[in-house]
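Trainee: The listed protein sequences derive, respectively, from chains H and U.
When we follow our numbering, the leftmost residue of the first sequence carries the number 1, and every step to the right adds one.
When we follow our numbering, the leftmost residue of the second sequence carries the number 1, and every step to the right adds one.
Everything labelled a hint here was simulated from the structure, so no lab data went into it.
Computed from a predicted structure; not experimentally measured.
Even for Gly, the Cβ is constructed at its ideal location relative to N, Cα and C.
Don't take every hint at face value.
Okay, the calculated bits of chain H under chain U, using three or more residues with CB under 8 angstroms as the criterion [stated by the list, open to error]:
no.: 1; segment: 205-211
no.: 2; segment: 243-257
Example chain H residues on the side facing chain U (calculated, C-beta under 7 angstroms, incomplete) [claimed, not checked]:
no.: 3; residue: Val267
no.: 4; residue: Ala340
no.: 5; residue: Pro342
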Amino acid sequence: MTSDDLIRPVGGIGTADRFAVGGKAAGLGELCRAGLPVPRAFVVTALAFARAMQDIDPAGEFGPAIGRLQPADTAAIALVTADIRERIAAGPMPADVQGAISASYRRLGEELDDDGRGVPVAVRSSATGEDSAAASFAGLQDTYLWVRGAQSVLDHVRRCWASLYNAEAVAYRLRQGIGQREMAMGVVIQQMVAPVAAGVMFTCSPATGDRSLVAIEASWGLGSVLVSGEVTPDSFTVSKVTGQIVRRQVSRKTRLHRLHESGYGVVADDVPAHLRDRPCVDDDQIRAIARIGLAAEDHFGSPQDIEWALAAGSGRDVVVVLLQSRPETVWASRAAQPLAMPKARAVDHVFEHLGRIVPGTRPER
Amino acid sequence: MDGNGFSFPLPSQIADVPGAEGWQSMYQYFTRFQPEDDNRFWFHNAMHFPEPLPAFDTVTCEIPYGAIGANTARVFVFPTTLGIEHRIINGRVYITAIPVTDPAEIERRLAIFTERAGYYYENWEHLFAGWQARMEGLIRQIEAVVVPPLPEFDDAAVVTDSTGVAQNHYVRESFHQCIDLYSKMWHHHTEFLMLGYGAYVVFFEFCKQAFPEIPDQMVARMVAGIEVIMYRPDDELRRLAGLAVEYGLDDLFPENAAPDAVLAALAGRGEAGQRWLAAFDAARDPWFNVSTGDGFYHHHRSWNDDLTVPFSALPRYVRMARAGEPMTRPTAQLREERERIVAQYRSLLASDDERAAFDQMLGLARLVFPYVEDHKWYCEHWFTTQFFAKIREFGALLVRQGVLAEVEDIFQLHHTEVDQALSDVMLSWAAGSRPLGAAHFGPIIAERKQMLEALRGWVPPPALGPVPEALNDPAVRMLWGVTAETLATWAAAEGGDGHEIRGYAASPGIAQGVARVLRSVNEIGQIQDGEILVCAVTAPSWAPVFGKIKAAVSDIGGTMSHAAIVAREYGMPAVVGTGHATTLIKTGQTVRVDGDRGIVTILT
Numbered sequence: 001m002t003s004d005d006l007i008r009p010v011g012g013i014g015t016a017d018r019f020a021v022g023g024k025a026a027g028l029g030e031l032c033r034a035g036l037p038v039p040r041a042f043v044v045t046a047l048a049f050a051r052a053m054q055d056i057d058p059a060g061e062f063g064p065a066i067g068r069l070q071p072a073d074t075a076a077i078a079l080v081t082a083d084i085r086e087r088i089a090a091g092p093m094p095a096d097v098q099g100a101i102s103a104s105y106r107r108l109g110e111e112l113d114d115d116g117r118g119v120p121v122a123v124r125s126s127a128t129g130e131d132s133a134a135a136s137f138a139g140l141q142d143t144y145l146w147v148r149g150a151q152s153v154l155d156h157v158r159r160c161w162a163s164l165y166n167a168e169a170v171a172y173r174l175r176q177g178i179g180q181r182e183m184a185m186g187v188v189i190q191q192m193v194a195p196v197a198a199g200v201m202f203t204c205s206p207a208t209g210d211r212s213l214v215a216i217e218a219s220w221g222l223g224s225v226l227v228s229g230e231v232t233p234d235s236f237t238v239s240k241v242t243g244q245i246v247r248r249q250v251s252r253k254t255r256l257h258r259l260h261e262s263g264y265g266v267v268a269d270d271v272p273a274h275l276r277d278r279p280c281v282d283d284d285q286i287r288a289i290a291r292i293g294l295a296a297e298d299h300f301g302s303p304q305d306i307e308w309a310l311a312a313g314s315g316r317d318v319v320v321v322l323l324q325s326r327p328e329t330v331w332a333s334r335a336a337q338p339l340a341m342p343k344a345r346a347v348d349h350v351f352e353h354l355g356r357i358v359p360g361t362r363p364e365r
Numbered sequence: 001m002d003g004n005g006f007s008f009p010l011p012s013q014i015a016d017v018p019g020a021e022g023w024q025s026m027y028q029y030f031t032r033f034q035p036e037d038d039n040r041f042w043f044h045n046a047m048h049f050p051e052p053l054p055a056f057d058t059v060t061c062e063i064p065y066g067a068i069g070a071n072t073a074r075v076f077v078f079p080t081t082l083g084i085e086h087r088i089i090n091g092r093v094y095i096t097a098i099p100v101t102d103p104a105e106i107e108r109r110l111a112i113f114t115e116r117a118g119y120y121y122e123n124w125e126h127l128f129a130g131w132q133a134r135m136e137g138l139i140r141q142i143e144a145v146v147v148p149p150l151p152e153f154d155d156a157a158v159v160t161d162s163t164g165v166a167q168n169h170y171v172r173e174s175f176h177q178c179i180d181l182y183s184k185m186w187h188h189h190t191e192f193l194m195l196g197y198g199a200y201v202v203f204f205e206f207c208k209q210a211f212p213e214i215p216d217q218m219v220a221r222m223v224a225g226i227e228v229i230m231y232r233p234d235d236e237l238r239r240l241a242g243l244a245v246e247y248g249l250d251d252l253f254p255e256n257a258a259p260d261a262v263l264a265a266l267a268g269r270g271e272a273g274q275r276w277l278a279a280f281d282a283a284r285d286p287w288f289n290v291s292t293g294d295g296f297y298h299h300h301r302s303w304n305d306d307l308t309v310p311f312s313a314l315p316r317y318v319r320m321a322r323a324g325e326p327m328t329r330p331t332a333q334l335r336e337e338r339e340r341i342v343a344q345y346r347s348l349l350a351s352d353d354e355r356a357a358f359d360q361m362l363g364l365a366r367l368v369f370p371y372v373e374d375h376k377w378y379c380e381h382w383f384t385t386q387f388f389a390k391i392r393e394f395g396a397l398l399v400r401q402g403v404l405a406e407v408e409d410i411f412q413l414h415h416t417e418v419d420q421a422l423s424d425v426m427l428s429w430a431a432g433s434r435p436l437g438a439a440h441f442g443p444i445i446a447e448r449k450q451m452l453e454a455l456r457g458w459v460p461p462p463a464l465g466p467v468p469e470a471l472n473d474p475a476v477r478m479l480w481g482v483t484a485e486t487l488a489t490w491a492a493a494e495g496g497d498g499h500e501i502r503g504y505a506a507s508p509g510i511a512q513g514v515a516r517v518l519r520s521v522n523e524i525g526q527i528q529d530g531e532i533l534v535c536a537v538t539a540p541s542w543a544p545v546f547g548k549i550k551a552a553v554s555d556i557g558g559t560m561s562h563a564a565i566v567a568r569e570y571g572m573p574a575v576v577g578t579g580h581a582t583t584l585i586k587t588g589q590t591v592r593v594d595g596d597r598g599i600v601t602i603l604t
C-alpha cells in the first residue's frame, strides 16, 4: 500500500472515485475538473478509514451491533453509537495513515501562506454513498472549520470518521435499510477560506423547480450561519436567460459565524449594526455566483444544490469559491412525463388546448 | 364566493351616482343589468372603457361585442366559449364571457371548430394578406362617404342625369353606411383575432408549465415581431426629427411650442422648410391617423386631428438627432436578442420531445402574431379616425340645420337618436320648414353632459358579482389580464391600506419618481419629463409620451396590453392591471414602480 491509496489530491479525482473517497470529495474533484474555483484540498480515502478501523474494531463488532438495533429505538441507538464514536475518536491511527495526512497537510501549508500556527483548514466528512440524488445524507456528517496544526487535523479526521456513527445517521440508515458494512468515510482536508459572505445556491427555483432561474441565499460570514437557520438570509433570483437579477430580498441579518479571535475555531457573533440591513453581496457578485452555478450545472448535467463563499482574494479582490455541489434532489425526483409531445400538425396543439379547457379544470403541471 | 375568500359588490347593490340620476336614458335598454345578473361575475372593462361613455360612443361596445361573439360562438364555433355580454352601469362597461361547460357540447363544437379554425390557420398568411387589402378597401369606402350639404336647391345633375333621387335621401343612407362600415370593420377585426389569441395562449400556457416563474413579458418577447406596424408612427416622428437636423431646421423645435407656430416658422424657412413640410405631409397620410387613445371614444383624437402630441415629442427627438443618437430601432440587435432568448429557454426544456412541441407552438404563435400586433393600426386607428371624422361631418350638418348647438354634441346622442334627428332634418328640408330637434334634443344634451361630468368622479369597482371557480376564456386572460390572481389583487386593494399596489409585472426594472395621474387621454399634455405615468390604460400611440416618463402604471391590462408592449419597447419598468392605481395614487406623490415583481409602492 502506498500513500497514494491513503491520500488523493482533490484535483485528481472525480465521480468514478466516489466509493474510494466519498461523495463530497468526488463532487469537489469534479468541480476542479470543470475548472471551477474550489479551495485547495486533499482527501483521506475510504481505504485509510478501513485501515484504521482494522485496528479500532479488529473483530468487526460494530456492524453487527448496529444491525441488532431497531430504527425506532432511539435510546439504544444513542447508547451504542456513542460508544462506537468514543472508540473511534480515541482509537489508534496507523502510522502510515498519520504520516500521509501530516505530509499532505505540510505540503498544503507550503503552497499557501502559513503564518506559523499551521495553515487553517476545514475538515469535512465525505461518506461513501453520500450525496446520491436518491438519498441525500446531507448534513448528517460533520464538518470542522478553522482547524490548525497537524495534530489537530489528525484529531478531527478521527472525529469525522466517528461521525459516520452519529445517532441520526445510523437511525437514517436503519430506516432506509442501508447496510452498515457498505458505509465508509473519506475525509476532505480543505484550505479554509475566510468568507466575507457565504451562502447556498440552487440552479433551479426551489419553490417551483423552474429551470430558467438560479436562487441564491447569502449572509455575512461563514455559510454555516445560514445552514443552521440563525439568520434570514438575503435572497436573490437570477434569470439564466437574461442574466438579470429578477428578484431581490434584502433581510435584516443579525448573526454571523466567524473565526474565533484566538485564530482557532468558529464563534457566533452579532452582525455589526451598519451591515445588518445591507445586502451582503453586490450585483456583480450575484451574477458571478450565478455564472459559476451554471457552469457546475453544465458540468454535472442537472440542477445543482451548491454551497459557495466570497473569499478574500489577492489585494482587495473578492472571489467566489465553491465549497460543495450536489444534484438538486427535490425537483429531480418529480421528473414528470413530457409536458407536451410533438403532434402531426402544429395546430393540433391549439385544438387540444382550446378543446380541453373547462372552467374549474385548469390543467396543472 | 366563500371558497375564494373574497367577493365584489352585486350589480343590484350599485346605486346611481348623485347628480347622474337617470343616466339610463343615455343607453339602450339591452345594456341594463337584470336582476338575474347578480348571479354572474362581471368585470369592469376599464382597458377599453376607462371613462363614462357618452351616448354615441356606446356604438364602440355594441358593435365590437356583436362581432366578437359572432366570431367565437357562431362562425368559428370555439369549443369552450360563446360570446361576451356587456352591461352599462353609471356610464361604465362591465363584461362577462359565456362559457361552454357541458363536455358533450364542447365535443360537438370542437369538431366544427377544428375544421373551420384549421382552414384559417393553414392558410393564415395568404388570408391575412387578403384581410389587409379588404381593410384598406373599407378605409377607402368610409373616406368616400359623402355627407349631403343640403343646399337651398339640389344639384342640377339630379335632373340632367335623371337620377331622380333628391339628396335628403342620402343623409340617412350615408349615415347608415358609416355605421354599417364600422360594423364590417369590427367583423374583420375579430376575424383573425380570437384565433390569434388562441394560438398564442397555447404557447403561453406551455411556457408557464415548463417554466412556472417565467415572466409573461418573456413569453411575449419570444413571439413578438420586430417590424411592428404600430411602431411606425413613432418611427416617422424620429425620421422627421432626423430630417430637421439634416436640413438645418433644428432650431425651430423648441420645447412647448404650439404646432401652428412651428409649422409657420418652417414655412418661412425657404426651400429647406418646404422640403421638411412635404416630408411631414407625406408622413401624415396615413401614419398620423393614429389615435391618442385606442379609438373607443370619440374624443380619442388622432395626431392629424391634434398635432400637440406628435409636436410634444419632436423637440426631444430633434435633440437626440442633433446629439447623433441612433434614431432607428436596432432591429438586427433586437432580432438577435429574441432568438438568443428562445434558444436559452429551448435548451432548458427536459427532452427532445418537449423541444419539438415547443418549436411547433412557437412557430404557430409567430405565424399568427403579426395580425395580433398589426390589426389595431388598421382598425382602431386608421379606420376609426376616419369614422369619427365622418360622424363629425354629420354633426356639422345638424349644426347648420339648427338642431345642434355644437358639432361635438352629436356624440351625446345614441346612433338611433342621430337617426331620428336626421329624419327630422330630411323632412324639414323637404317641407321647407324648421327642424324640431333643437327643442327636443337641446335639454337632453345639456342634461347628459352634466350626468357624464358627475359620472366621471365615480370609482367603479373592478368587478361585480360572485367570483367564478375559474377564468379560462382565452380573450379574458390575454387581453384583459383577468385571472384568479388578478381578482385576489383587486379584492385585496378594496380593503387594503393602499401603500402597496399589486399588478402584472409587465416590463422589468425599478424606478422611483413623482406620479402623474391621468384620468383621460386628453390630459396627456400635462406629463413632465421624468414623471411616472399612472393611468387607467394606455395605447401605443402614447409612445411619444413614453419618451418622457420614467415608468408606467395602469389600472388594467395584461401582458399583451399596450402599456406593456410600449414600456418593453422603451425599456422602462411597467406594472399593469393594478385595478386601482389611478384612485390610490395622487399626482405629486412619490412612487416606486417595481416592474420585476409587479408592485407599486406609494412612498409619500
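Trainee: Please go over all the hints and tell whether each is borne out by the structure.
Mentor: Going down the list of hints, with the structure as the test:
Here the segment 205-211 of chain H counts 6 residues with a CB under 8 angstroms from a CB of chain U, which clears the bar of 3, and the coverage holds. Coverage of the segment 243-257 of chain H by chain U holds [criterion: at least 3 residues with CB-CB distance below 8 angstroms; count 3]. Below 7 angstroms, beta-carbon pairs count as interface contacts, and Val267 (chain H) has none with chain U, the closest being about 37 angstroms; its hint is therefore violated. Contact between Ala340 (chain H) and chain U, as hinted, is supported at the beta carbon level, the nearest pair being about 4 angstroms apart and thus within 7 angstroms.
Interface restraint check: Pro342 (chain H) against chain U, minimum CB-CB distance 4 angstroms, threshold 7 angstroms, status holds.
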